[in-house]
Amino acid sequence: MPYPEAEIDVLKEQEKLAKEQIKETKKESTVAGITGFAGRAAGSSVVKQAGKYGWLIGLIMLLAVILFCLGTFVGGIFSIIPLYWQMILLGGLLFIGLLFKGKTGAAVMVLIFFIALGGIAGYLQYTQYGQSVAIHAQVQGVGAIQGFKALTGPLNVMNQIFTGTYNPENLWRSDTVESQYETVTDVGVVLDNVAPLRDKFYSDQPIVVQGRIDAVAFPGQTASASLTAKCTSESIVPGVKECKNPTSWTCQPQFTNIKQIRNRFFSCTHDPIEEGVYAVDITATAQNTVTVAGKQFVFANPDVAITLNDPLQTWGISKDSLKSWQKGDQSVNLGIGVEGVDEYGYLEAGSNIPYYLGIRIENPSSSGTVDLNTVNLFVPKALFSNNCATAANSDFKSCKDASADDLKNFGIKTSASLCSCAAGFASESLAPSDYRHALLKLNIDKSQLYGADFGTFFILATAKYNYKNSELVAVTVENKIGTGGVTT
Amino acid sequence: MKKIIFLVMAIVAVFAISGCTKEQPAAFAGGTDGLVTSFMNLPTSVFTSSVFDINILLQNKGEADVSIGKAVLTLNNAQTLGITNAIKTNTKLLTRVRKINNTAIPGETESMAWQNASFKGAIITEQQTPPFSIDACYPYESTAIATACAGKTNLVCNPVEEKTVQSSGAPIQITKFSQIAVPKASGVELGFTIDAENKGKGNVYDSAAICSDLKPEQIDTVLVKTITFNGAQINPLTACPLDGGRPIIVLADKKGSITCNFDVAVTQDFSAELVVKLDYIYKDSLNGAITVIPV
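Line order of the protein sequences matches chains A and B. For the first sequence, counting from 1, position 324 maps to 324 in my numbering; every step adds exactly one. For the second sequence, counting from 1, position 63 maps to 63 in my numbering; every step adds exactly one.
Hints in this document: simulated from the structure, not taken from any laboratory. Check the hints yourself; a few may be wrong.
Unchecked claim - Here are the simulated BS3-like cross-link-like pairs (lysine-lysine), alpha carbons at most 27 Å apart as the crow flies: (1) B:LYS152 / A:LYS446; (2) B:LYS199 / A:LYS446; (3) B:LYS184 / B:LYS152; (4) B:LYS201 / A:LYS319; (5) B:LYS61 / B:LYS201; (6) B:LYS152 / B:LYS61; (7) B:LYS199 / B:LYS255; (8) A:LYS468 / A:LYS259; (9) B:LYS201 / B:LYS176; (10) A:LYS468 / A:LYS319; (11) B:LYS184 / B:LYS70; (12) B:LYS70 / A:LYS446.
Full structure from sequences and hints, please.
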């Protein structure tokens, strides 16, 4: 029975609406699929996408596994076959590859080149002279490690920067003072010409490393310089052998209570050891060596100073006289400064804001180690209301009246009353480029000016420490032909 | 013959006229100094344990008197030299340089000493030169004299002109004087501008400043103390512009100027002496150097 016209129209309208709904639903489901919401249509979309990327991930993983297996295989093969065979194998593979490409001339050249390399490798491994050359190359490797130590300092600074412990605000440094009144220079211990007695030792010969040493005590004091030697481990110098008793070395002479020795010969010996290349660390330690630093500060009436274009010039104060200087052992740099004040600036007397006087001790070497014993700051007692105890803080845990002996021991001549404040970081060690600093709160009362426009005061810092100066030398030990050598 | 008589008469006339226009004699000895300090027998180098004296000579080389106790001398960095009493004052009236019959009579001098000085700083091995200086702070006065024209016309003198000015011996010099006389019913309104310049080596402070407590805001300030025209006192408070209630010249880059004006009763145009006195505190430094040898 045919539908009436009106119903047909209604049905057509309903069909149209249904189609639009389906269309709308599809649109929504696509959105849902993308956004990850539930829905059948959406679920199907995700599966399709996952499937697509899954293939890719799977392919990458498969390639990774193949490469890993290949690498392991090749590495394994290469680790068990001699070097000269490795060269020949590589050359052969390249030769075949180039032949396939039709480049016959290049293939022949590559083959010849790798055969030559293999020949050299074989010569080095299996002939006596070749072995000697190879050993020498390893010895040079030890030299490279010694050279690499020069990078230790900069690397330590990089480490300080990345770990946030580097403080560019406290980079006070001192210039070394050259005095016409002092003839003693080069305080400290320096090693020179450290080398093994022989290019190579036989395994039945005692190992001897020799060198020369300079040791100079701080003026007016005596010093000790101790010499030690030890074999380093493979973890420090890759490829070297480890001694069974690394520290069983005897070094002579040992220098105690000396004022100065220069260019003195020394020798360190060890019982015979089995063949191999060894790295020996020769260390000279300057015991209780001393560095003294000083700096003059200007303090002024700010009301007057700000009216002057160049206060220091007006007052006849040279910039040179405000530099931080040091004398004694130059193994450390002992800088003095005031936080936030230019080296050539002046301090304002009567300021309500306190100043922070600081010292900075740095190990500028690339290889030496500093073991601090004492670090003291000498400040005018008048700056602390004539009561040294008031100066102490978290960085300088104790401050007391400086005794005449305190000053005399460091060669300081003064009739002024000073406080001696001990830095809290004493007894710590400083690696190359490592440093410590300590701050002392300082208020300069206007009364210190005695009604004048400016005044000056002197700050001294002293450091006593042990400084380890080391040199790494390579020792080659071979078996005598026809002998089995010794076993250690 | 007549020609010769005329020639002689002309020559006589020229001499007569040149006699009339002869330059006014200098009223001051001049110079740019006030109180001048100098070291006497200062040792160039001493040992760490040496005891020495710091002797100075204070001399008035300008043309203003300095009363007893007004010149304050301060030894800077006294504590490093072991001196606890850093400040000294003059015990004599330091009379000015006087000019009598073209001859300058020197000003008064006074010697002072910081005795028993010794190095109290710290020294290790290197010789040191502890910085020290002597500040001399004193009240001083500059006087300027010019011949001003109180004229309604330019028949007797030029009422609008830069006039020659003479300045007394002092660190602050009046370098320029220019005037303008504006006719009024009862006379003229005489306006003048003076340029002042610090030609000394030190700094000038407001005359109200205290040597022991100089404030930054008091620097480069000179007070117009008195104005006298034709023997009559003119009140600077009414004649000159006021800054903080006071007629002051503020110097910038050591130079400054002020314009003052006052009424003058004029029945007939005339020229007369105009005298301006400036008042201020002056502070100068003398740097010393003694090398301490570590022995």
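- Message: Next pair to validate is LYS152 of chain B with LYS61 of chain B; report whether the Cα-Cα distance is within 27 Å.
- Response: violated (41 Å)
- Please work out if LYS152 of chain B and LYS446 of chain A have their alpha carbons no farther apart than 27 Å. violated (60 Å)
- Query: LYS70 of chain B and LYS446 of chain A: Cα distance at most 27 Å?
  - Reply: Holds, at roughly 23 Å.
- Query: Within 27 Å, alpha carbon to alpha carbon, are LYS468 of chain A and LYS259 of chain A?
  - Reply: Status holds; Cα separation ~18 Å.
- Taking only the CA atoms, is the gap from LYS468 of chain A to LYS319 of chain A under or equal to 27 Å? Roughly 35 Å between the alpha carbons, so the hint for LYS468 of chain A and LYS319 of chain A is violated.
- Query: Has the given pair, LYS199 of chain B with LYS446 of chain A, been kept, meaning a C-alpha gap of at most 27 Å?
  - Reply: violated (31 Å)
- Query: Holds or violated: LYS184 of chain B with LYS152 of chain B, Cα cutoff 27 Å?
  - Reply: Satisfied, since the Cα-Cα distance of roughly 8 Å is no more than 27 Å.
- Starting from LYS199 of chain B, check that the Cα of LYS255 of chain B is at most 27 Å away, please. holds (9 Å)
- For the pair supplied as a hint, LYS184 of chain B and LYS70 of chain B, is the alpha-carbon distance within the 27 Å limit? This hinted pair is violated, its Cα atoms lying about 45 Å apart.
- Task: Verify the proposed pairing of LYS61 of chain B with LYS201 of chain B, using a straight-line Cα cut of 27 Å.
- Result: With a Cα-Cα distance of about 14 Å, the restraint between LYS61 of chain B and LYS201 of chain B holds, given a limit of 27 Å.
- Task: Assess, step by step, whether the Cα of LYS201 of chain B is no farther than 27 Å from the Cα of LYS319 of chain A, and give holds or violated.
- Result: The hint holds at about 22 Å.
- Item | Pair hint LYS201 of chain B and LYS176 of chain B, alpha-carbon separation not exceeding 27 Å | This hinted pair holds, its Cα atoms lying about 20 Å apart.
When held up to the earlier numbered hints, the structure conflicts with 1, 2, 6, 10, 11 and fits the remainder.
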